[in-house]
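Participant: Protein sequence lines correspond, in order, to chains A and B. Here the first sequence is numbered in this note's numbering, starting from 6 and rising by one per residue. Here the second sequence is numbered in this note's numbering, starting from 81 and rising by one per residue.
A portion of the hints provided could be inaccurate.
Unchecked claim - Below, in silico cross-link-like pairs of lysine to aspartate or glutamate (EDC-like), each with a Cα-Cα straight-line distance of 16 angstroms or less: (1) Lys274/A <-> Glu317/B; (2) Lys66/A <-> Glu87/A; (3) Lys274/A <-> Asp339/B; (4) Lys269/A <-> Asp276/B; (5) Lys269/A <-> Asp339/B.
Calculated directly from the structure, the hints in this document are not laboratory data.
Here is what each chain is made of, one letter per residue.
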Amino acid sequence: MAERILEVENLTVDIPVGGGMLHAVQGISFHVDKGETLCIVGESGCGKSLTSLAVMDLLPKKAIRGANKLELGGEDILNAGERRMSDIRGNTMGMIFQEPMTSLNPAYTIGNQMEEALKRHRKVSTREARDRAIYLLEKVGITAAESRLSQYPHQLSGGLRQRVMIAMTLMCGPNLIIADEPTTALDVTIQAQILLLLAELQREFEMGLILITHDLGVVARIADRVAVMYAGQVVEQGTADQVFNRPTHPYTQGLLDCIPIPGKTERNKPLGSIPGIVPSLVGPFHACHFAERCQYAFDDCVKGDIDMRPAVEDGHEYRCLLDPETCRANAQKRGVA
Amino acid sequence: MSETVISAKDVTRTFMISAGAFKGKKPLHAVNGVSLEVERGEVLALVGESGCGKTTFAKMLLGLLPPTQGTIEFGGKPVADVERLTLAKMVQPIFQDPYSSLNPRKSIGSIITLPLKVQNDPNPATWRRRAEEMMELVGLPPRLFENFPNQLSGGQRQRVAIARALINRPEVVICDEPTSALDVSVQSQILNLLQDLRKELNLTYIVISHNLAVVEHIATRVAVMYLGRIVEQKDTESLFDNPEHPYTKALLESVLTPDPSLDVPDTHLGAAYPNPVDPPSGCTFNPRCARVMDHCSVIEPKKIPSGKGFVQCHLYDENEGRGRAAS
Ligand SMILES: Nc1ncnc2c1ncn2[C@@H]1O[C@H](COP(=O)(O)OP(=O)(O)OP(=O)(O)O)[C@@H](O)[C@H]1O
Ligand SMILES: Nc1ncnc2c1ncn2[C@@H]1O[C@H](COP(=O)(O)OP(=O)(O)OP(=O)(O)O)[C@@H](O)[C@H]1O
Ligand code: SF4
Ligand code: SF4
Ligand SMILES: [Mg+2]
Ligand SMILES: [Mg+2]
């Protein structure tokens, strides 16, 4: 069996807000194995970033985290202290954010920051750190790597900065990388390059990768497994093949129906849509979160919490009262399976 | 039957920008000799990488920025001679970010009726009714009239921007990345809405977008821009079914369709986007081109007619391209 790198069980994040408690993340479970890519996909505000921040113990101060289990490489990190966590972050667990300038310091050179990233966690000489920085900058496809070391972040283009970020994240050779929308701010052409790069590096170094995005195209191309989130919950989870070719939850089906797919969606015809908006997660909420927008909703959907249940195939699960056969028939009717 | 609404001839816009401390200023040709005709009722898409000049070109069409060279005509009249207010009545923009393009201190109603106020519309008594009609048309509940932008979702805000753009019944709407800040479920609603309104109000659209899947879906004609120039221009069908320019091909390859049996494509666009202040010689795409030939960095390619449009690349030039390429 593959080596488990991260195990998350029943993760919750609550944030006190003006009108009460915002239950932003409501019992999320997932795992990542060595060399595996898990994509977390979902619309703005569904809790993707808070989930990743909760794993890294970087939540905003007022946020309250809960979980049954949070293990990194077998070590309990739910109850680890801040000192242990800061040793883990940037060391065994790397992070890449959407906007590279949130992690790059404008006042220091690229070289300085990359060397520091290693020296903070390892006893190495500046020379060794510098060599590793050059090696990794070359790995991420930056030409004339050595000359980049003396440059400041603002002297680089957006695509280059994102590459530097990736190289910096690799300095300590992490087992797990969490990337939150790493390519959203970039052009499609550069986006493809960066994703290709991440996938290659991940294979080469056998890291686990959690990629957070709302771009279904990216997910389909890069994920081994996919978790679809809606309003604080995972509503469907499975392999990329299962989720994209046999979408089971009505929300996943709706999402796939919304995007124009070249060669498949007829040009100029109206696209599918999901009317309505996401429910407020402030206060108690015991119903299917998608009920208000679901075309298949019936009375029982709003009578209590909905649990995850297995779909037809192994490792494929979803959160809906409809049985797998009905879901499958719906998907076929909508032309998304 | 086609009628030209906008005609741009050899339009250039140059910015003088600082080339670094003590180095003085250098010209940046953000738009470099673009000629383009827009026909009534069509959806013309402008696509290309960040910085290729799409927004600069759109601003010139809106009369917000004068061209450094060349002319832009509206219904046969040079834009320079058209009253600012008259022009605003004919062409209206919808911008990318529904969060920053709406004034947070103004109510939805006053945002939508602002163009009427600016135009000194003679019937203020009708404004509210007209705004509410427009709100209904774009799918906004009229009860939101007194609300403020921060009480609306992203999709609703973009609908407000659309209602504001349409209240004066413009002929042409320029949409600069109309859906890229929106979630997919909202994006599809807005795209469907734009399509419906086009038919209903007989609108002409110029759509600027990074998202080629969206462009393929809604555009009737596509112009591909690279470093301030249009390098290929075709009707949507031919462009997507038979792209000719190596840059267009690379762009199309980088579209990530949600197909899990495919990997992330390698578009071979290795070299970074060039510095626009110091563009490559000859064909400006040559450092990144997969099919570059010796003379590409020396001779600037001409426009070669192709289908109902053109492609600007030596591969398709009988003489300079050393024979027409098999595609
Ligand atoms: N510091 C905070 N205080 C209060 N609410 C917050 C805070 N951070 C996030 N939230 C709320 O928690 C919910 C989940 O936020 P999160 O940032 O995880 O969403 P996301 O899925 O990453 O969205 P996006 O795709 O827009 O990045 C949202 O409703 C958000 O408004
Ligand atoms: N006011 C200005 N002063 C100096 N340079 C400018 C100005 N406006 C635009 N530019 C430059 O002109 C070029 C074209 O910019 P433009 O905004 O038109 O690109 P774009 O295609 O709209 O890009 P994006 O997809 O990022 O919006 C860029 O190199 C930009 O930096
Ligand atoms: S539980 Fe009911 S409302 Fe929820 S997704 Fe399933 S059918 Fe729709
Ligand atoms: S002219 Fe030459 S460099 Fe330019 S696109 Fe054509 S083949 Fe490539
Ligand atoms: Mg986020
Ligand atoms: Mg722009």
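Participant: The structure should be examined with respect to each hint, and the outcome stated for every one.
Facilitator: For each hint, the structure was consulted:
Under the criterion of a C-alpha separation no larger than 16 angstroms, the hint pairing Lys274/A with Glu317/B is consistent with the structure, at around 14 angstroms. The hinted pair formed by Lys66/A and Glu87/A meets the criterion: a straight-line CA distance of about 13 angstroms does not exceed 16 angstroms. Of the pairs offered as hints, the one joining Lys274/A and Asp339/B is violated, with about 21 angstroms between alpha carbons and a cut-off of 16 angstroms exceeded. A distance of roughly 21 angstroms separates the Cα atoms of Lys269/A and Asp276/B; the hinted pair therefore is violated under the 16 angstroms criterion.
For the proposed pair Lys269/A and Asp339/B, the alpha carbon gap of about 11 angstroms is at most 16 angstroms, so the pair holds.
The structure shown violates the earlier hints numbered 3 and 4.
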